[in-house]
Amino acid sequence: MSYWYDAHLILIQSTFVSLLLALSIQFPLRMGVFSFAGIGSYGIGAYAAAIMTIRYSWPAFAAIGAGMVVAMVAGYLLALLVSRLDGLYLGMATIAFTLILTVVAINGGSLTGGAQGLYGAISTLQTGQVILVCAVVVVLLALSERGRMGRRIDAVREDPELAVSVGIRVIRMRRMAFVVSGALGACAGGMNALLRTTVSPDDVGFSLVVLALTMIIVGGSRSWAGALIGSVIFTWLPQVLQAVGDWQTVVYGVIVALTAVYVPSGLLGVAQNGYRRMRRRSGPVAGATEKATGSEEPGGDSAPLEPLSEDVPTGGTR
Amino acid sequence: MLEIRDLHVSYGKVEAVRGVSASAAPGRITLVLGANGAGKSTTLRTVAGLVPAVSGEVVLDGKVITGRPGHTIVRDGLVLVPEGRRVFAPLTVEENLLLGGYVAPRAKSAETLDRVYEMFPILAQRRRGAAGLLSGGEQQMLAFGRALMSSPRVMLMDEPSMGLAPAMVESVFGAVREIADAGIALLVVEQNAELGLEIADDVVVVARGEVVFSGEAEQARSDASVVRAFLGEAALSQ
Amino acid sequence: MAQDVINAATLGSLYLLFALGMSLAWGTIGILNFAHGSIFMFSAFVCHLIVREAALPMPVAVLIGLVVGAVISVLVQVLAFEPIQRRAADHRRAELQILVGGIGMAGVLLAIAQRVTKSVPFGFSESTFRVHVYDLGFVRLSNVQIVIVVAACLLAGLAGWWLRSSRSGLALRAIGVDPEVATMMGVDRRKLAVAIMAASGGLAGVAGVLLTYYLGSIAAESGDAFLLKAFAAIVLGGVGSVGGAAVGAAILAVVETIVLVQTSGTWVDAVSFGLIFLMLLVRPRGIFGRKEVRRT
Amino acid sequence: GGPTSTDAGSVKGLPSTVKIMSIKEMSGAVAFAGTNATKGIDLAVEQINQQKFLGDSKLEIDLKDSAASAQQAASLATQAISDKSYAAILGPASSAQATAISPIAQKSGLPVVYTQAGSDGVLVGNYTYRVTAPAESYYQLAGQYLKSKHVKTAAVLFNSGNPTLTQLGQKTVPALADKYGFKVRSSDGVQVTAQDFTSNASKIAQAKPDAVFLLLTGPQDPVAVTQLRQDGYRGEIVGMTSMGAGNLKTAGKTAAGVVWPSNFSALDTNESTKKFVEAYKAKYGEVPNNYAAEAYDAAWFLARGIKEAGSASRTEIQKGLAKVAASGFEGAQGAMTFDGTDVRVTGVLAGWDGTNETLVPLGSS
Amino acid sequence: MNTPEDAAPPAVLEAQDVAVHYGGVKAVDGFGLKLEAGRICGILGPNGSGKSTFLAAVTRLVPLTRGRLMLDGEEYHNTPAASLAHRGVARTFQTVRLLPDLTVLENIQLGADLRAGGGGVKQWFRRTAVPEAVEEAIERTGLGAVRSARPGELSYGMARRVEIARALATRPRVLLLDEPTAGMNQAERREVSQLMQKLRDEGLTQLLVEHDVPMMVDTCDRLVAMKSGELVTEGAPAEVVRDPAVQEAYLGKRGRNHA
Ligand SMILES: Nc1ncnc2c1ncn2[C@@H]1O[C@H](COP(=O)(O)OP(=O)(O)OP(=O)(O)O)[C@@H](O)[C@H]1O
Ligand SMILES: Nc1ncnc2c1ncn2[C@@H]1O[C@H](COP(=O)(O)OP(=O)(O)OP(=O)(O)O)[C@@H](O)[C@H]1O
Ligand SMILES: [Mg+2]
Ligand SMILES: [Mg+2]
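Chains as they are written, first to last, in my numbering: chain A, 1 to 318; chain B, 1 to 238; chain C, 1 to 296; chain D, 1 to 365; chain E, 1 to 259.
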């Protein structure tokens, strides 16, 4: 176990970093905000943490925190700017934001180390600490998926106008999405920079946008668990695919395409369906809560020609 | 002209239609009544080829059309005005209408377009505007006009009066009658039974996926159970 | 200066040729095909393999590119996008899944080309076509440049006319809005979707082959860089408008050329993406994009 | 070639096999570097084992594909570190991957020998070695060549996203200009992924400098050369090693006359180079390129270090490598000396004659 | 205007000279009305006369071209729409707008969430909305049996009731209903009408947009007729329906018989 742990330490660390990164895209997406600014924040966090560590020898959490603060402020300002954008237009604007940051990093001179990036960011950040942070984040996000907050987030995504009419301050929620996404992205970036001790402009770019998106769509876009599934798969897949030798990139593509096509609700959805089916099979008591709500009987048991017998859930999807 | 014979339709395990038979003949209006979820819309959608039938058949001009892909059925002269309008929101009013005439020859389509504009002047006014910006009632007119554009011989209408102001309902129903008189067979689903019965020739009442009454409109108007169910107690006491 | 104008026109035409196919599929049936860049590259790659065996003239090579692009694109549609659209619960999820499905398909094509070429650039040096540069004194202009600009204008015009004025163009846009009602109106949506994807892929193939002639060679990774540029051009112009794609491509090309000529060039992406960003702030649906139709 | 003197018999303290992990980019955009390097390594290992260079113990290579991802490379390195049966690592070619491996390897004391990986951050201590000399260390060959051509003015076009190329363009070439008496008139960066150099080419062609430095990546090279020539530029074109490895093939005749300083050329008349080239041709039926030569040297360097150490222990191997580095050795790249843990070679000036790579003799004009 | 014995109650919500123009389209053009406390006011008007747009303007979902909006005598035409909900104005939409992935219960809870607390961070994670408000709304609208169904499984009439229940769960003082009974049959309509009257008796101020004239006459205390974005006439239901201008523009032949 410990041998396995040591040998796969990097992948374990990367899984958690990817999880935070995926969440930084997923969180806004849950509110219907198609923002890739989280990737830019990843860059901000990575550079800020590296600079603070190398130049000023800040302790790990202070360095990461500094990046998070910068990214949150940047996220808030960005949210103010792009308040009128939505859908893929917003996606494009935030990709532009990310790419501009990359160019800035390349041209940042000695501060960012130019094309070469920064190295030697040696800190005391431990894997356990990374996991702890992820656990806290996941708990908070899991809470935001349930109850009041969960419903409100759903409303903002599905029908912002309706959301407004029940008193949800949609604009404020959207801004919050940018800020949270910035914090998560920067946290991921900062941790990665300190764990790897380096950061370079290569680390942040369109390919990372593509990777993060793939993770959450294949895993499941509505829940943190989906992001977790996605980050586990796409961190470990290259390792597993060593077995197929130099076909690995081909197989990787095939797997991504297949899951996108045949697993519409993400792997999380598949898992949930399987679980439900299992529970249903495991006995009538457990299955009782799942009882159908009457939609299976058109017209219910009301007498004919008495159309509106009370409370019978009859169909008709409009 | 149109014959629906013992149609059965299911959505997964849900049996929405369980043996509906009805027919529509040129120049006649067949009114379909029934409670929410009785299977009226499902019947119409199945006839139009949008939902597969489990069993039973639909015969149009002696040809069985069940199982044929939806887009081929319009070419045979059968068109559906869908429930809830479903106009193409981002397209202009005129584009919506032209699309209705997708299967008609161009010249014919231009001619019908003028007729539709004449029937609904507001549509002519808004021809270059996006259909999605029309008011609910205006959209209903557009959906109606769009269906007319294909110069159908059989027309299915799913709740054409929904959301229309009384005057407009009257003119739409007037138009429906006119269309029928021009020799088109009409099958109309309507919640507004009182009005529907006024223009209908035949009536089919559906409950829980089954036909519970079928006959001439006159007969339906006097059938107490139909009246109670669809016109309200007040009508009965009148 | 005159030379810069020619250069910008060529670059803009290249972007447009590439973006056109993507814009067609996206603006009509709502498929944002992230495999477009790979189809573009792969058509040129297959063409390269064929030209290596038989010295073909340019028109034949372009034709091969067109056919290969169309075939791959149709395959992607039938194998990936169509099943996604059929199964997806709602429109928005389908959109994202199509994006990722495209990414996967792109990965496969890229990996195959990389495997075969080992990422060494490939070209059509065996083709009978020779690049000829005309020196007009104040500008230098090559025959490929002329072909590219003419092809871009012609094809864009054709595509624009198709979508605006033909019945099938109208039907395609309707499919993008509500496929079911379109079917009700007599539109065979599967056939039309395959047709538009074939057209889109064909355009990618033509663009790939012409680009390879123009640059002399491309590498397996070349498609990806264009993908982002094309996406940017379409969004800048406004989705669903061929004219928008053309204007977007032109703006991008002009800006890049100016930055390259006036500065040391390391800021090109920052300036062009910065511009896109600003443009979107001013016009949130692109330059020619229509406002979303929404009512209370 | 192999070492000049081999003591037969067993080298004391070595196990029957010494296992090395070779982390290379075998798929993805830089697969060409990985596959060629692997060929060079395979040849070296074959020779080492046949010659019984390590006595009865055999060198065994465990090839891993890092698939162009730094994370994957680093992960493989940690696996090598935890699995004590690995004695050392032959590292990947990309700087991004190398900088991810170096700090971990250095910290846990596992020797790594890199090829390529030109970035500064790669060599972080005494456990990290590199047997590809930085281009700037032999780039003066370009200066000498240009001087012999009486070049007075030059333009630079470099890939601003690549550290090595940026360094060459922004530091090495200007220094060269001072030393060899020409002026750098313009210096332009292009993006990492740039594909079309029309604007840059027109700009340069109009300025008509005597020479142009094209410091670009392999796929960019033929395009930039072709476009420069098509825009009527007739002067000298100087590149760097990315011009080699068949990358100019698609440019064909248009690229004739392009030269580049290289750490390796198969045409080099150097004895040890010739031996390597012959053995390589015999094994693979093709001419080796620089990736193969460097990796071949890397493997031999490691073998020498192990022999010097007389032990498969990582710390001993490190000491052995240090000793070998201190004295230098003859390899596929000719005479190699070390500056710390970084190799230095004399280099050659390679050129393209329209169909083949050639050796450009210096001093003739 | 009303029956002489009660002096006109104070206006809870008032709109004056409201105009909403879209380019050349004058959807609403100088329309206004007063909602008196505890009364039901109805708007009649032909299709496209601007009723829904007016409702959208009053609830701040579309920007005003001109006009004044007042709640309890206080102007609110510059405040964001969400704060209006917090001040007790709830509405339903002409097309059913339910969240498809939530159950009926959750859809209704979404309304009650409004009253579950302020905007503080702690409140985000509160598990339940005001349960009494939800239960009450469910009971009122008779949705008990379908509480765990999803909107896709509901009949149209049921779905409309969920809309109403969601609005009620916000515990509003003012309720605006846009064609709540479209697509329902007579019996269902009657029930909605009865519910509205009961709510009125409990003091809820309501605005109703409907095309069903008999129901409007039965339900409303006052009617306002609108055409082309402008006011035609207002007053007691019976009078308004008899107004020749209204009959001409709106009712048609049959409608006149009703009046
Ligand atoms: N897409 C669907 N999936 C599952 N069940 C459905 C679907 N559409 C309709 N149903 C069910 O089929 C039955 C009949 O529905 P249909 O829409 O035909 O009724 P209707 O008579 O048109 O009712 P309404 O008056 O509400 O329009 C209902 O019980 C409904 O729940
Ligand atoms: N966003 C918009 N852009 C352009 N025109 C609009 C917009 N919204 C509404 N309109 C137009 O304004 C007019 C009023 O529309 P509204 O929906 O308010 O009418 P309504 O009285 O509710 O009609 P109905 O009874 O049919 O629902 C209509 O002609 C409509 O087309
Ligand atoms: Mg129905
Ligand atoms: Mg309305």
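Calculated directly from the structure, the hints in this document are not laboratory data.
Think of the CB as a built atom: it goes at the ideal place given N, C-alpha and C, for glycine as much as any other residue.
Hints may be right or wrong, so weigh each one.
Using 30 angstroms as the maximum straight-line C-alpha spacing, the simulated DSBU-like pairs for lysine-lysine come out as follows [to be verified]:
| id | chain 1 | residue 1 | chain 2 | residue 2 |
| --- | --- | --- | --- | --- |
| 1 | E | Lys227 | C | Lys291 |
| 2 | D | Lys147 | D | Lys171 |
| 3 | D | Lys84 | C | Lys118 |
| 4 | C | Lys118 | D | Lys274 |
| 5 | D | Lys19 | D | Lys58 |
| 6 | B | Lys63 | C | Lys191 |
| 7 | D | Lys183 | D | Lys152 |
| 8 | C | Lys118 | D | Lys19 |
| 9 | D | Lys19 | D | Lys281 |
| 10 | C | Lys118 | D | Lys275 |
| 11 | D | Lys275 | D | Lys323 |
| 12 | C | Lys118 | D | Lys152 |
| 13 | D | Lys19 | D | Lys323 |
| 14 | D | Lys58 | D | Lys84 |
| 15 | E | Lys26 | C | Lys291 |
| 16 | D | Lys281 | C | Lys118 |
| 17 | C | Lys118 | D | Lys253 |
| 18 | C | Lys118 | D | Lys147 |
| 19 | B | Lys108 | C | Lys191 |
Footprint (simulated), chain D over chain C, 3 or more residues, beta carbon under 8 angstroms [claimed, not checked]:
| id | stretch |
| --- | --- |
| 20 | 54 to 63 |
| 21 | 131 to 143 |
| 22 | 191 to 201 |
| 23 | 221 to 228 |
| 24 | 254 to 263 |
So, going through the hints one by one against the coordinates:
no. : hint                  : verdict
1   : E/Lys227 <-> C/Lys291 : holds (27 angstroms)
2   : D/Lys147 <-> D/Lys171 : holds (19 angstroms)
3   : D/Lys84 <-> C/Lys118  : violated (33 angstroms)
4   : C/Lys118 <-> D/Lys274 : holds (26 angstroms)
5   : D/Lys19 <-> D/Lys58   : holds (8 angstroms)
6   : B/Lys63 <-> C/Lys191  : holds (24 angstroms)
7   : D/Lys183 <-> D/Lys152 : holds (6 angstroms)
8   : C/Lys118 <-> D/Lys19  : holds (28 angstroms)
9   : D/Lys19 <-> D/Lys281  : holds (26 angstroms)
10  : C/Lys118 <-> D/Lys275 : holds (27 angstroms)
11  : D/Lys275 <-> D/Lys323 : holds (24 angstroms)
12  : C/Lys118 <-> D/Lys152 : violated (38 angstroms)
13  : D/Lys19 <-> D/Lys323  : holds (21 angstroms)
14  : D/Lys58 <-> D/Lys84   : holds (17 angstroms)
15  : E/Lys26 <-> C/Lys291  : holds (18 angstroms)
16  : D/Lys281 <-> C/Lys118 : holds (20 angstroms)
17  : C/Lys118 <-> D/Lys253 : holds (23 angstroms)
18  : C/Lys118 <-> D/Lys147 : violated (36 angstroms)
19  : B/Lys108 <-> C/Lys191 : holds (25 angstroms)
20  : 54 to 63              : violated (count 0)
21  : 131 to 143            : holds (count 5)
22  : 191 to 201            : violated (count 0)
23  : 221 to 228            : holds (count 5)
24  : 254 to 263            : holds (count 4)
Checked against the numbered hints above, the structure violates hints 3, 12, 18, 20, 22; every other hint is satisfied.
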